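Enquirer: Order-wise, the sequence lines are chains V and C. Counting from 1 along the first sequence, just add 592 to a position and that's the residue number in the numbering used here. Counting from 1 along the second sequence, just add 592 to a position and that's the residue number in the numbering used here.
In short, the hints are calculated from the structure, not lab data. On a predicted model such as this, the values are computed, not experimentally measured, just so you know. Hints may contain errors.
Where chains are identical, the list cannot tell them apart; a pair therefore holds if satisfied intra-copy or between any two copies.
[What the hints assert, rightly or not] Capping the alpha-carbon separation at 30 angstroms, the derived lysine-lysine pairs in DSS-like fashion look like this:
| no. | residue 1 | residue 2 |
| --- | --- | --- |
| 1 | K594 | K735 |
| 2 | K981 | K917 |
| 3 | K981 | K620 |
| 4 | K980 | K743 |
| 5 | K661 | K917 |
| 6 | K620 | K735 |
| 7 | K620 | K657 |
| 8 | K981 | K735 |
| 9 | K980 | K735 |
| 10 | K661 | K620 |
| 11 | K917 | K620 |
| 12 | K844 | K753 |
| 13 | K735 | K661 |
| 14 | K620 | K743 |
| 15 | K844 | K620 |
| 16 | K620 | K980 |
Read off the chains here:
There are 2 protein chains.
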Amino acid sequence: MKINRNFDNLVPSYLFAEIASRTAAYVKAHPDNRLIRMGIGDVTLPLPPIAVEALRRGADELGVKETFKGYPEYEGYDFVREAVAGYYRSFGVTVAADEVFISDGAKSDTGNIGDIFGADNTVLVTDPVYPVYVDANIMAGRKIVYAPCLKENDFLAMPDKSLSPDMIYLCSPNNPTGAAYSAEQLRAWVDYANEHDAVILYDAAYEAFITDGSPRSIFAIEGARTCAIEFCSLSKTAGFTGTRCGYTVIPKELVRDGHSLRDLWYRRQATKFNGVSYPVQCAAAAVFSEEGLRQVHENLAYYQENARVISAALDEMGIYYTGGKNSPYIWLECPNGLGSWEFFDLLLNEAQVVGTPGEGFGAQGEGYLRLTSFNSRENTVEAVQRIKKLLSSSV
Amino acid sequence: MKINRNFDNLVPSYLFAEIASRTAAYVKAHPDNRLIRMGIGDVTLPLPPIAVEALRRGADELGVKETFKGYPEYEGYDFVREAVAGYYRSFGVTVAADEVFISDGAKSDTGNIGDIFGADNTVLVTDPVYPVYVDANIMAGRKIVYAPCLKENDFLAMPDKSLSPDMIYLCSPNNPTGAAYSAEQLRAWVDYANEHDAVILYDAAYEAFITDGSPRSIFAIEGARTCAIEFCSLSKTAGFTGTRCGYTVIPKELVRDGHSLRDLWYRRQATKFNGVSYPVQCAAAAVFSEEGLRQVHENLAYYQENARVISAALDEMGIYYTGGKNSPYIWLECPNGLGSWEFFDLLLNEAQVVGTPGEGFGAQGEGYLRLTSFNSRENTVEAVQRIKKLLSSSV
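In isolation and in its complexed conformation, chain V is listed as follows (with noise of 0.2 angstroms):
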C-alpha cells in the first residue's frame, strides 16, 4: 500500500492561521480596541431573496411525493444550464446549454478538472496564485512553472516564449490582485494557447464585478472555443459561497489528443459526481432571471462602492495598486518599502486593521497586502480613514 506520495511535495500554508494567530494575540493584549477584518475574502450580506424563496420553493418540491426529486442529472438539470446561457447571451457571449456543467463550485471544478489530463503535462500559473491551482496540480504530481506578476506588467503577466506550458491556469478579475485582463491580452494568451496545442483553464469567478468593459468570459475571444474551459461561480456573483453553486463551460470544439475535453469532463463527472443538490440548483436558475439579476446587482453595487472608497483613498495616498476597479478586491503596494507582514503589522497594531499579505499568495506578493470590499460600509469608511491618519503620520 502506497499513498500519493505526491503530498510530500505540498507545502503547508499557514497564511490564514498565522493571520489569525497574531490577530488573537494583538486582541489578547489590546481587548478595548476595535479591530476591523479587511482581509475578508467572503461574502457578508444575504442572499437575495429571489434565491431564498427559490431554495424554499425547491425544498417544500422534495416534500411532496408528486414533485419529489430523486438523482439529479450530472451535469445539472436543463432550466438550470439554460439559465447560465442566457445569462452569457446577456453580456454577449454565445455558449451552449449542453457546454455548461453545474457543479458545487468552481473551486471543486477547477481542482479536478485535472483528472481529464495526463500527469506529465506542465502546468503554467501566475505568480501571486490563487493556491487551489497550485496544490490540485503538485498533488497530481504535474511540474509547475511560474508566470511571474510584477509592478511592471500591472500584474497581469502575458505569454513567456521561454516556457512551454501545457495547461495554463488564468484568473481574471484576479485572486488575490483584482487585476482584470482586457480584450487584446487574453487575445495574446488564446492566440498563444492555440499556437502551443495548450489549453486555458479560466476561472472568471469574479466577472460579475467587471465594470470597464473588459471581457467577461474568456469566450469573448475569438479562438478561444478551440483552447479554453471556463470556470465560474456564484459565490461572489450572488453571495452563495455558502449555498454552494458554480458551472464549468467546455465547447464541443476543444478537442485534445484526439478527444472531445467535453466528453471526457462529462464521463469525469459521471463517475465521482452526482450532481448538485435540486434546492440549490433552483436557487442558481433564480438569480439568472432578471428580477434575479437586479437584487445580485443591487448587492454587488454595496460591494463595488466599498472598493471604489478605498481605491480613492489609496489614490489620494499616492499608493500603488491593482484591483478595486473590476473586482472586490485591492492589492496595494506597502508603503516605504515594507515588507507584506511588517505592514501587516502595523496596520494591526497602529491602526487596528487587519489585511492579508500578500507573500502568503506567492514570492512575488512579497512587498503587497490585499484589502477586500466585504466589509460593511460603517467600517470601510473607518478603516480607511485610520490607515490614512496612520500613513500620514508615519510618512
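Starting from the known structure of chain V, fit chain C onto it as the hints suggest.
Expert: For chain C alone, coordinates are given in the frame of chain V:
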C-alpha cells in the same frame, strides 16, 4: 498537451441506455399495456417533513444578514459531524466527530478517495460491482482485480490469499446483490487487510436497511480502525438522492506509509472541495435527531415491506436470491437457466415488468436480475403477481 489516456481503458456502460431502449420499443409497440418499473435504483418517497423544515430554516438564515453563512468548513459543520457521531452511537459504534467528513455524497467520496493513494496500488473489487469503484480507479491508472461473488459464496466474496490487493472496496449491504456480510465475515476481511497492509474502502450506503443484526458499520469490527475508511450517505437512509449529502469516516489510527490518511483526506478536501451547502447540512443534522430518525424509519419500513413482498414470492416459487432482507435490492437467479437479458426480455414482454439485467454489473452477474423495492406498494404487489403468473404458466 496530453489527455489522461487512462480514460481509453474505461468500458462504456450501455446498461441503462439499453434498458431504456428496449423498454421504449416495447411501449411503442404496446402503448396500452401498463409497465411496472422494478429496476429503479432511486428512492421515490418524499423527504421526511423534518428535513424539509430544516432546508427551509437554513434557506431563511441565509437570507438574513445576522444569520447569513459564508464558506462552510471543508469537513462539515461541527453540528452535523456531531450528529453523525451520535447516529453511530445509536447502533453501538464509536467514531469521533472529528473523524467524520461531510460531503455531497458517497459516490463523490468513493471516487475521490483515490487522490490520496498511489497510482501503483492494486485495487480489489467484487464482481458484480457498483461501477464507480472500477471506473474511478481505471481513470487513475490502477490495476483492478476481481473477487467473484457466486451462488457458492452467497454473493459474499471472502479474502483470497492468491491476490495481494492494496485497496479493497467492499459494499455491504451490497449494491447490486443486496447481500450483507456477517460480523464474522467482516472480521476475516479486517484481519486480512491488517495483515497485508491494505486499506478497506467500505461503502455502507445501505446500512439503514439492515434488520437482522448484521454490522451496520465496518467499525463495529475489532481492528477496523487501523485498516478501514467508511463511506455512507443519506441518499437511501433518508431519501437524499436529490438533496445530496453523505459522509466519510477515517479513524485517527489509520496510518499508511507513515501518513495519517485522515490528514491526507483533509488536505485533499481543503484543496479540491469547499464544503456542503448550509441548508443541506441543516437537513442532514435534522435527520439524525430523534424525531428525524422516527420519520426516516417510516419511509424505510415502506421499502422494507416491498422487499418482503418480493422475497416472499421468490421463496414461494423456489427461486434463489440474495438481498431483500437487509437491503432494498433483490438479486435473483433467472429461472430455467435464462441469461440476464433473456429474462429481462421475458419479464418485459410477458409481464410488463422492468428489471435490471445482472450482467450489467459484471461478468458474474450473468444469469441474474436485480429488482428493487423503490416502487409503490400497489405496483410491487402487482408486479409480483404478474411474475408469479408468468412463471407458473411458462415453467
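Enquirer: Determine for every hint whether it applies to the structure shown.
Expert: To see whether the hints hold, each was checked on the structure:
Taking the closest pair of Cα atoms, K594 and K735 come within 30 angstroms of each other both inside a single copy (21 angstroms) and across two copies (13 angstroms). Taking identical chains as interchangeable, the C-alpha atoms of K981 and K917 lie at most 30 angstroms apart only when both belong to the same chain, with a minimum of 24 angstroms there against 74 angstroms between chains. In this homomeric assembly, K981 and K620 come within 30 angstroms of each other (Cα to Cα) only inside a single copy, at 24 angstroms, whereas the closest approach across copies is 79 angstroms. Taking CA atoms no more than 30 angstroms apart as the test, K980 paired with K743 passes inside one copy only; the shortest distance there is 22 angstroms, against 79 angstroms between copies.
When the C-alpha separation of K661 and K917 is checked against a cutoff of 30 angstroms, the pair qualifies only between copies, where the shortest distance is 26 angstroms, while the shortest distance within a copy is 42 angstroms. In the homo-oligomer, the alpha carbons of K620 and K735 never lie at most 30 angstroms apart, since the shortest distance is 43 angstroms inside one protomer and 55 angstroms across protomers. Taking the shortest alpha-carbon separations for K620 and K657, only the inter-copy value of 27 angstroms comes in at or below 30 angstroms, while the best intra-copy value is 55 angstroms. For a Cα distance limit of 30 angstroms, the shortest separation of K981 from K735 qualifies neither inside one copy, at 46 angstroms, nor across copies, at 65 angstroms.
In this assembly of identical chains, the alpha carbons of K980 and K735 never lie at most 30 angstroms apart, being 43 angstroms within a copy and 62 angstroms across copies at closest. Within a single copy, K661 and K620 get their C-alpha atoms only as close as 50 angstroms, which misses the 30 angstroms cut-off; across copies the closest is 26 angstroms, which meets it. In this assembly of identical chains, the alpha carbons of K917 and K620 never lie at most 30 angstroms apart, being 36 angstroms within a copy and 59 angstroms across copies at closest. With identical chains, the CA atoms of K844 and K753 are at most 30 angstroms apart within one copy only, with a shortest distance of 28 angstroms there and 48 angstroms across copies.
With identical chains, the CA atoms of K735 and K661 are never at most 30 angstroms apart, being 43 angstroms at best within one copy and 37 angstroms at best between copies. When the C-alpha separation of K620 and K743 is checked against a cutoff of 30 angstroms, the pair qualifies neither within a copy, at 37 angstroms, nor between copies, at 68 angstroms. Taking CA atoms no more than 30 angstroms apart as the test, K844 paired with K620 passes in neither setting, with 57 angstroms inside one copy and 33 angstroms between copies. When the C-alpha separation of K620 and K980 is checked against a cutoff of 30 angstroms, the pair qualifies only within one copy, where the shortest distance is 25 angstroms, while the shortest distance between copies is 76 angstroms.
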